[in-house]
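J.: Please model the complete structure; the sequences and the hints are all you need to start from.
There are 2 protein chains.
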Amino acid sequence: MINFKSEKIFLKYLVKWLFIAGLVGIFSGTASAFFLTLLERATEVRQANRVLIYFLPLGGFAVAILYHFWGRSVEAGNNLILEQIHTPKKILQLRMAPMVLFGTVITHLFGGSAGREGSALQMGASLADQLTKIFKFTSKDRKIILIAGMAAGFGSVFGTPLAGAIFGIEVYVMGKLSYEALLPAFVASIIADEVTQKWWGVHHSVYSIVDVPEATLLNIFYASVAGILFGITGKVFSLSISKVKRLIGKVTTFKPLHAVIGGIAIVLLTEIIGTTRYNGLGLDVISETFVVHVNPYDFALKILFTAITLGAGYKGGEVTCLFFIGATLGNALSLIIPLPMAVLAGMGFVAVFGAASNTPLACTIMGIELFGTGVELFVGIACVTAYLFSGHSSIYSKQLIGRSKG
Amino acid sequence: MINFKSEKIFLKYLVKWLFIAGLVGIFSGTASAFFLTLLERATEVRQANRVLIYFLPLGGFAVAILYHFWGRSVEAGNNLILEQIHTPKKILQLRMAPMVLFGTVITHLFGGSAGREGSALQMGASLADQLTKIFKFTSKDRKIILIAGMAAGFGSVFGTPLAGAIFGIEVYVMGKLSYEALLPAFVASIIADEVTQKWWGVHHSVYSIVDVPEATLLNIFYASVAGILFGITGKVFSLSISKVKRLIGKVTTFKPLHAVIGGIAIVLLTEIIGTTRYNGLGLDVISETFVVHVNPYDFALKILFTAITLGAGYKGGEVTCLFFIGATLGNALSLIIPLPMAVLAGMGFVAVFGAASNTPLACTIMGIELFGTGVELFVGIACVTAYLFSGHSSIYSKQLIGRSKG
Numbered sequence: 005m006i007n008f009k010s011e012k013i014f015l016k017y018l019v020k021w022l023f024i025a026g027l028v029g030i031f032s033g034t035a036s037a038f039f040l041t042l043l044e045r046a047t048e049v050r051q052a053n054r055v056l057i058y059f060l061p062l063g064g065f066a067v068a069i070l071y072h073f074w075g076r077s078v079e080a081g082n083n084l085i086l087e088q089i090h091t092p093k094k095i096l097q098l099r100m101a102p103m104v105l106f107g108t109v110i111t112h113l114f115g116g117s118a119g120r121e122g123s124a125l126q127m128g129a130s131l132a133d134q135l136t137k138i139f140k141f142t143s144k145d146r147k148i149i150l151i152a153g154m155a156a157g158f159g160s161v162f163g164t165p166l167a168g169a170i171f172g173i174e175v176y177v178m179g180k181l182s183y184e185a186l187l188p189a190f191v192a193s194i195i196a197d198e199v200t201q202k203w204w205g206v207h208h209s210v211y212s213i214v215d216v217p218e219a220t221l222l223n224i225f226y227a228s229v230a231g232i233l234f235g236i237t238g239k240v241f242s243l244s245i246s247k248v249k250r251l252i253g254k255v256t257t258f259k260p261l262h263a264v265i266g267g268i269a270i271v272l273l274t275e276i277i278g279t280t281r282y283n284g285l286g287l288d289v290i291s292e293t294f295v296v297h298v299n300p301y302d303f304a305l306k307i308l309f310t311a312i313t314l315g316a317g318y319k320g321g322e323v324t325c326l327f328f329i330g331a332t333l334g335n336a337l338s339l340i341i342p343l344p345m346a347v348l349a350g351m352g353f354v355a356v357f358g359a360a361s362n363t364p365l366a367c368t369i370m371g372i373e374l375f376g377t378g379v380e381l382f383v384g385i386a387c388v389t390a391y392l393f394s395g396h397s398s399i400y401s402k403q404l405i406g407r408s409k410g
Numbered sequence: 005m006i007n008f009k010s011e012k013i014f015l016k017y018l019v020k021w022l023f024i025a026g027l028v029g030i031f032s033g034t035a036s037a038f039f040l041t042l043l044e045r046a047t048e049v050r051q052a053n054r055v056l057i058y059f060l061p062l063g064g065f066a067v068a069i070l071y072h073f074w075g076r077s078v079e080a081g082n083n084l085i086l087e088q089i090h091t092p093k094k095i096l097q098l099r100m101a102p103m104v105l106f107g108t109v110i111t112h113l114f115g116g117s118a119g120r121e122g123s124a125l126q127m128g129a130s131l132a133d134q135l136t137k138i139f140k141f142t143s144k145d146r147k148i149i150l151i152a153g154m155a156a157g158f159g160s161v162f163g164t165p166l167a168g169a170i171f172g173i174e175v176y177v178m179g180k181l182s183y184e185a186l187l188p189a190f191v192a193s194i195i196a197d198e199v200t201q202k203w204w205g206v207h208h209s210v211y212s213i214v215d216v217p218e219a220t221l222l223n224i225f226y227a228s229v230a231g232i233l234f235g236i237t238g239k240v241f242s243l244s245i246s247k248v249k250r251l252i253g254k255v256t257t258f259k260p261l262h263a264v265i266g267g268i269a270i271v272l273l274t275e276i277i278g279t280t281r282y283n284g285l286g287l288d289v290i291s292e293t294f295v296v297h298v299n300p301y302d303f304a305l306k307i308l309f310t311a312i313t314l315g316a317g318y319k320g321g322e323v324t325c326l327f328f329i330g331a332t333l334g335n336a337l338s339l340i341i342p343l344p345m346a347v348l349a350g351m352g353f354v355a356v357f358g359a360a361s362n363t364p365l366a367c368t369i370m371g372i373e374l375f376g377t378g379v380e381l382f383v384g385i386a387c388v389t390a391y392l393f394s395g396h397s398s399i400y401s402k403q404l405i406g407r408s409k410g
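Heads up: the protein sequence lines correspond to chains A and B, in order. Each residue of the first sequence is one higher than the one before, counting from 5 in my numbering. Each residue of the second sequence is one higher than the one before, counting from 5 in my numbering.
It is worth saying that the hints were derived from the structure and are not from the lab. For each residue, glycine too, the CB sits at the ideal point set by N, CA and C. Check before you lean on any hint, since a few could be wrong.
So these bits of chain A aren't anywhere near chain B, every CB distance computed over 12 Å [claimed, not checked]: (1) His72; (2) Pro92; (3) Leu135; (4) Leu261; (5) Leu273.
Residues from chain B shown here face chain A by an in silico Cβ test under 10 Å; the list is partial [what the hints assert, rightly or not]: (6) Leu22; (7) Glu198; (8) His396.
T.: Here it is in structure tokens:
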């Protein structure tokens, strides 16, 4: 009655990808553990030595020079990976991993405002892609391995394995989600997170949202209003980075000077504002948003700091900054939207990221992984509404538009 | 810097779909509440009066006669809805809702082995589609409203609103997931569940999995082995129904007689086996699987009972039976796979359903909504592996294949 021929094909596929995705997970999880540990040290050192911020232009210059001479082929970073997924051409160079790791640690050691997922994705994907050489993969397999590498990087750097898997299969085309790498993405991301947390003992911040109201029609309406604002903020964020990039590009085309100009701007801004609240990852501020009222303008200043840092070419990523921006905005919105502060902070945390990266399902799942069940309906509504209102802009310019919104 | 023209378009879209999906949710949630209450009553009455089972052939005959004379246009049920989503032609007749509701209650009152999601989807979609008449929707809008109706039906009948939303956007094409109805599906499903549970006070069984092992490499491997078996079981289930349908079709083409033949077979089987364990929804057995060892052959007998019931044309659905089959199979697998019984039961619960309906993400989310966080990695691995191993068969024959597996 049942023909087991197809089962044999699937079994071969399963064994192959359990093995390969397992390797990707081990590589990527190890890289993420090393990276997270370095980042934590860099952040501690900078916080203990405020003077380090003055060296940001110099640090940025050094990293940019490095990329100028040895890194042009890997400079496009996440966009290069997305491009290779769409039209596989050339295997990612292994140097992408150490260079982006070094560059990101420098950004954070000297107080640039950046994230870390860019580095995790690039480490994950470039390490994974080395297997292409060894196993002589076809383009179809290579596409899968790049998706698995991104999934593993994302899942392990944030400690959210399911969100990592969904992010991997969701991010490369806007408005669609394809299952060609479903199993490898799940396996790579889950194993990478296991390796980061269990093998290497690197753990993540824990957030807790206890006071969740009922999902009444009115509260769902409030959540969608917050979602609109999260979405527009995600869009403003994406556009701000491009804007800064264009402005600095007008001054000079020599990229190491971009870093110097951006670095000086960050130093001056930090001095003028008189706080290092907006430098670095800002994990402490993110944690605050769940328990106390933060400044209502925190999100705007973080957008400014991050747009300058990333627009000037500093390495790192956008996502942790988007968490900061979303969580502080959500916290501020609790002054006008009648939902609990922590609920709004949690919604903003994931929804602004989902809006800027056009990954509404990954951010919904991330909300569940970070905050547990209870708040998932609010998170879901906020993420899908925010996705709709972020328009067709994206922090990843090489993301294809699979389906227009609205 | 930011052009708010697109925001205006999205705002119009949001207001429109919050309103329409809200209506869909209210209709569908109310229908589900009414349906679940009737089902519960029917089950109680049957359990108290075992003699009712002998009337199954007669009850089935009556329902089939009803469909023969007044229901030919709505008989295709879920497949008709999927067909309309793919190529919108004719508005679903309102009669689809009361007919499938009546037919399903009859199935359960007399002890047929069927589920309930078929009825929920058909009630949700046909009620939703009536709005097409009122608001003069375009085909594009009509597609969205049908998806939202299915999402609302699924979410409210199982008390899993996020899984309902994902199911709605995941089920109509195998291997892809499109965001064209993302927001309406989320809103309709969440509101439908709210209406069923909060407005009408109808609640769902609660399952609890407490003893969850760590997601080590070995345990992930075990989960994928279980996933393979869940997937093959899902495939066997889909094929069994078609097989029975073909066999009975050879005897006569007069459908009311199919119900008589199938009904007699169920009565005889119940007598031979000497238990009503496999008649009806079997919610009590599903609950058992989380706490005690059940018969290792339960899953096989439930496949037999359900294939006969549904193959003979009885109304209801497949999903709750798939929960039963998966949960009992998972429970039995704990004898040979070294994972806790409740974890395996929970994995099977959602994974066999996901495999047979080709909705790996909806079933993963459902696992999280039903069992909470903790077991989500095992559920995720089981669902994606099972999806892969169910091949290209489906309980919904009108599901398109968007992307081949493997």
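J.: Does the structure break any of the earlier hints, and which numbers would those be?
T.: Checked against the structure, no hint fails, so every one of them is satisfied.
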